[in-house]
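Just so you know, we're using my numbering here: the sequence shown kicks off at 1111 and counts up by one.
Source of the hints: derived by calculation from the structure; they are not laboratory data. Here the structure is a predicted model, which is why all the values come from computation and not from measurement. Backbone N, C-alpha and C define an ideal beta-carbon position, used for all residues, glycine too. Any given hint might turn out to be false.
Said to hold, decoys possible - Cut-off 20 Å, straight-line C-alpha distance, at most; resulting in silico cross-link-like pairs (SDA-like, lysine to any residue):
(1) K1112 to P1149
(2) K1125 to R1168
(3) K1125 to W1115
(4) K1126 to I1159
(5) K1119 to A1135
(6) K1119 to S1173
(7) K1112 to E1133
(8) K1112 to Y1176
Said to hold, decoys possible - The calculated label-pair distances, taken between Cβ atoms and stated as ranges, are:
(9) E1141 to A1121: 29 to 37 Å
(10) T1118 to E1141: 18 to 26 Å
(11) A1120 to A1143: 15 to 23 Å
(12) A1175 to L1139: 16 to 24 Å
(13) L1178 to N1128: 30 to 38 Å
(14) A1120 to I1159: 17 to 25 Å
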Amino acid sequence: MKFEWDQTKAASNVKKHNVSFDEAASVFLDELAVSGPDPDHSIGESRYITFGASSLGRLLAVSHAYRLTGC
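Could you build all of it, start to finish, from the sequences and the hints given here?
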């Protein structure tokens, strides 16, 4: 799986939540992670939320969208 994000948003996320996007992406390696639709944040695109343990052992909720490759 490939991850991409805006660098300005990434810096803001560290400042606001003390979580880097690299750590947030590690949640997708958690075999026990649970994902589902995130209708509250799905304005203009389908978004999802995943709950799982990060590589640092913290339980995170990660809001994300799937993108088609080549778009």
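Hints versus structure:
1. Only pairs whose Cα atoms come within 20 Å are accepted, and K1112 paired with P1149 is rejected, the gap being roughly 23 Å.
2. Between the alpha carbons of K1125 and R1168 the distance comes to roughly 17 Å, so the proposed pair stays at or under 20 Å and holds.
3. Under the criterion of a C-alpha separation no larger than 20 Å, the hint pairing K1125 with W1115 is consistent with the structure, at around 16 Å.
4. Under the criterion of a C-alpha separation no larger than 20 Å, the hint pairing K1126 with I1159 is consistent with the structure, at around 18 Å.
5. With a C-alpha separation of about 14 Å, the suggested pair K1119 and A1135 falls inside the 20 Å cut-off, and the hint holds.
6. Between K1119 and S1173, the direct Cα distance comes to roughly 13 Å. Compliance with the 20 Å bound is thereby established for this hinted pair.
7. For the hint pairing K1112 with E1133, the CA-to-CA distance comes to about 14 Å; that is within 20 Å, so the pair holds.
8. Proposed proximity of K1112 and Y1176 is supported: the alpha carbons are some 10 Å apart, at most 20 Å.
9. For the hinted restraint 29 to 37 Å between E1141 and A1121, the CB-CB distance of approximately 30 Å keeps it satisfied.
10. Restraint check, T1118 to E1141: a C-beta distance of roughly 32 Å breaks the suggested window 18 to 26 Å.
11. Range check, A1120 to A1143: Cβ separation about 21 Å, and the 15 to 23 Å hint holds.
12. In this structure the hint that A1175 and L1139 lie 16 to 24 Å apart at CB holds, the actual value being about 19 Å.
13. A beta carbon spacing of about 32 Å between L1178 and N1128 agrees with the range 30 to 38 Å that was offered as a hint.
14. The hinted window of 17 to 25 Å between A1120 and I1159 holds, with their beta carbons roughly 18 Å apart.
Hint compliance for this structure: hints 1 and 10 are broken, all remaining hints hold.
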